[in-house]
Amino acid sequence: MTTALPTDDATPATTGDALVDLLNGFIVELREAGLPVSLTENLDAMQAVRHIPLEDREAFKYALAATLVKNNAHWRAFETVFEVYFSYRGAHYRIVDDDGEPLSDEELAEMGEMAGSQGGQGGPGEAMSNEELAEMLYRALMEGDEALMRALARQSVSRFAGMEPGRPVGGTYYLYRTLRNLDLDGLLDRLMEQAQQAAPEPMTPLEARLEEDEYEGRIEQLKKEIEAEIRRRLVADRGVEAMAKTLRKPLPEDVDFMHASREEMADLRKAIYPLTRKLAVRLTRKRRHGRKGPLDFRSTVRHSLSYGGVPAEPKFRYPKPSKPEIFVIADISGSVAAFARFTLHLVYAISNQFSKVRAFVFIDGIDEVTRFFEGVEDIGDAIHRVNTEADVVWVDGHSDYGHAFEVFWDTYGKDVGPKTTVLILGDARNNYHASQSWVIKEIEHKARHVYWLNPEPRSYWDTGDSIVGEYAIHTDGAYECRNLRQLETFVEKLA
Amino acid sequence: MTYRFDAVDEVRAGLGKVDYLADEGIAGVVYLADRLQKPILVEGPAGTGKTQLAKSVAEMTGARLIRLQCYEGLDEAKALYEWNYKKQLLRIQAERNSEGTWNEIEDDIFSDEFLLERPLLEAIRSPDPVVLLIDEVDRVEVETEALLLEILSDYQVSIPELGTVVATQIPLVFLTSNNTRELSEALKRRCLYLHIDYPDLEREKEIVLTKVPGVSENLADQIARIVRSIRQLELKKAPSVSETLDWARTLVHLGVEQVDEQQATETITILLKYQADIAKAIKEFGGDGKTWTRGGQAPSRS
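Listed in order, the protein sequences are those of chains A and B.
If you count by the numbering used here, then the first sequence holds residues 18 to 512, one letter each, in order.
If you count by the numbering used here, then the second sequence holds residues 8 to 309, one letter each, in order.
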């Protein structure tokens with residue numbers, strides 16, 4: 018990646034060279050993570066940091082965010098990179114503490130204080146037993162004492178994570194080890210129990226729910242502290258660049274459907290709502306404004322009569338774009354299920370752009386699922402029902418495109434007409450069954466368009482048992498749709 | 008160049024005085040906008056106080072607020088300036104009998120006298136300090152956005168007949184967007200970006216306390232906590248700050264001191280506007296007999 022970076026004379030002399038270097042590295046990393054940072058924005062950031070006190074870390078962060086991040090979906094990526102580049106640095110974040118000096122003075126003071134406030138039981142830091150640590154954690158969560166929580170997070174990491182310098186494992190592994198030892202679910206139960214007992218009368222469900230949300234929020238906070246702590250230590254061990262690279266995560270719109278983790282899936286589901294809304298607005302606008310036709314001579318002459326034969330009011334022929342009928346035929350077997358879900362979601366969200374939408378899902382058997390979507394307010398619900406209730410298994414529940422297509426042709430083939438656009442979703446991994454590609458050929462003859470959307474990278478097509486090429490020659494186009502960005506582009510083109 | 012503010016804390020305190028509770032980020036970006044002389048693009052869910060921020064900043068600095076409400080089909084004539092065509096016609100007719108040459112008339116009818124100022128030009132030419140608010144900028148078409156670019160980056164407007172009008176003072180500019188579409192890169196690049204999200208528990212409680220007269224500390228705390236829990240559900244439309252305030256006012260009017268389930272269920276229509284959302288919230292929080300059992304299974308978490 019070669020991007021022009023500002024040289025030193027473009028940056029204010031008041032900021033030190035070290036800071037300029039750090040900022041440059043920071044911005045390069047942001048670009049690597051996929052954020053579109055332009056040169057002007059880079060210069061703005063340099064300008065902005067002149068105006069804020071550098072020792073104020075929060076202000077520094079907001080100054081950079083305001084100038085560099087122009088899309089809220091990118092905030093998380095920014096935050097991660099920021100944490101890595103501008104995390105607190107200091108001797109006590111090393112993984113191994115040099116003998117006999119396990120805690121910094123500040124920490125000792127904190128520990129001493131909290132021990133003192135609880136009647137002096139439990140010595141500072143290391144002397145605590147695991148039970149005492151858990152007890153303190155419990156109290157910290159109970160009272161929502163953030164300083165104490167931070168100190169305990171630090172303590173738990175050095176105690177349980179078992180970090181070794183130079184060991185090439187990711188932060189997730191250490192996080193898992195720490196959390197396993199802390200048993201936070203058990204803590205939540207204990208906290209709730211305590212809250213129940215403290216209440217003068219039995220708690221109503223509403224009160225209990227509020228309490229629980231409160232504690233869950235605090236536990237979430239604690240987890241974040243632990244994560245940040247681990248990250249800081251890893252940065253201290255491996256250096257900024259290496260760490261930033263391992264932490265780099267794709268932006269939500271670039272996450273691959275086929276390989277999304279559970280967490281990424283949750284993010285995708287959140288991202289799809291605003292996306293469909295935007296898409297719908299954009300398409301309605303396009304339809305409303307894209308209305309320029311040729312002169313309608315007949316109508317102009319007709320209207321000129323009221324002006325005594327002068328064609329004062331030219332009339333135009335407005336094209337009436339016909340709304341296509343959409344048939345979605347989706348493979349919902351294991352690996353591609355998520356892709357089918359998102360595509361169905363998107364298509365139904367803009368269903369007012371089409372005269373009719375019918376959906377079919379298959380694995381080795383095929384079933385029409387249009388009924389699940391009729392009169393439903395929440396598309397998410399309908400899709401959930403599709404996944405649980407549709408009758409799609411014929412023999413063994415392994416994808417059999419050939420059989421599914423054959424049944425489709427026999428049962429619904431007569432409904433395919435010249436107004437129909439057929440979308441077929443799947444990776445065409447047919448488990449070496451017969452392809453029956455003649456069905457697609459027949460459909461293409463009758464339908465207006467046939468498109469194939471494949472969630473696999475193009476380089477994997479036609480490898481192994483994938484026979485997408487065999488189908489694709491009978492379609493009007495086969496597209497790679499690996500992430501939301503590609504899917505959105507395609508759906509917009511479709512309407 | 009003199010600045011309006013000396014420090015971030017000053018902005019924050021000033022906004023607090025006009026009853027706008029800003030967090031660190033909001034105050035920081037307003038401060039930077041003044042220092043860097045750049046517009047602020049404010050995004051965020053509806054009803055989190057985006058427009059109010061501009062109003063409050065105007066009030067705080069004692070500046071006049073000039074507002075341009077965007078809508079589909081907004082054009083130059085409504086946003087920048089327009090020639091007063093009728094007056095020009097009158098002028099030409101009045102001139103017809105006199106000896107004026109063509110050039111004189113032409114110079115004359117394209118002068119300041121015949122110019123109708125629209126919000127953007129008004130903000131630029133105003134001699135007194137102004138805050139310019141361009142509201143819901145995502146409603147205009149992408150092509151119309153280009154109208155704004157010159158004014159946002161250089162604080163000037165080019166009028167072919169008159170030349171370039173340069174700002175006499177740099178106004179503070181706020182653009183708000185509800186994010187119904189992606190704004191163009193060119194526009195984003197010229198602005199500082201501020202995302203205003205739902206406030207956290209403490210801030211929301213304080214907002215309720217400042218904005219709703221007669222609310223007790225205890226009630227405000229409860230309201231803020233219930234709203235936070237509702238926002239954690241997966242809803243079509245999460246309750247906004249203004250809806251929280253409406254709810255708080257209603258509860259105060261009803262003389263409620265302690266919200267219980269029944270009152271919450273009866274008044275929830277103020278917070279949530281979709282039937283599906285209301286049903287979901289009542290199911291999650293209402294008394295379907297699912298109390299928290301000790302040591303057993305916790306109720307399903309969202």
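Check before you lean on any hint, since a few could be wrong.
Partial list, computed: chain A residues near chain B (C-beta under 7 Å) [stated by the list, open to error]: (1) 64; (2) 75; (3) 275; (4) 277; (5) 281; (6) 387; (7) 388; (8) 393.
Far from chain B, some chain A residues (derived; all Cβ distances over 10 Å) [unchecked claim]: (9) 61; (10) 317; (11) 434; (12) 436; (13) 511.
Hints in this document: simulated from the structure, not taken from any laboratory.
Predicted, not measured: the structure shown is a model, and the values here were computed from it.
Quick reminder that beta carbons are idealized off the backbone N, C-alpha and C, glycines included.
Tested hints:
1. Against a cut-off of 7 Å between C-beta atoms, the interface hint on residue 64/A holds, since the closest Cβ of chain B lies about 6 Å away.
2. Taking 7 Å as the C-beta cut-off, the interface hint given for residue 75/A holds, the closest approach to chain B being about 6 Å.
3. Violation of the interface hint for residue 275/A is found here, the shortest Cβ-Cβ separation to chain B being roughly 24 Å, above the 7 Å cut-off.
4. Here the hint on residue 277/A is broken, as its CB sits about 18 Å from the closest CB of chain B, past 7 Å.
5. For residue 281/A, the suggested interface contact is broken, since its CB lies about 17 Å from the closest CB of chain B, more than 7 Å.
6. Look at residue 387/A: its Cβ only gets to about 21 Å from chain B, farther than 7 Å, so that hint breaks.
7. Interface hint status for residue 388/A: violated, as the beta-carbon distance to the closest one in chain B is roughly 19 Å, over 7 Å.
8. Annotation: interface hint on residue 393/A violated; nearest CB of chain B at approximately 10 Å, more than 7 Å.
9. Remark: the non-interface label on residue 61/A conflicts with the geometry, its nearest Cβ contact in chain B lying 7 Å away (cut-off 10 Å).
10. The Cβ of residue 317/A lies farther than 10 Å from every Cβ of chain B, with a closest approach of about 25 Å, so its non-interface assignment holds.
11. Remark: the non-interface label on residue 434/A is consistent with the geometry, its nearest Cβ contact in chain B lying 34 Å away (cut-off 10 Å).
12. In this structure residue 436/A is separated from chain B by more than 10 Å, as the shortest Cβ-Cβ distance comes to about 29 Å.
13. Every Cβ of chain B is farther than 10 Å from the Cβ of residue 511/A; the closest lies at roughly 18 Å, confirming the non-interface assignment.
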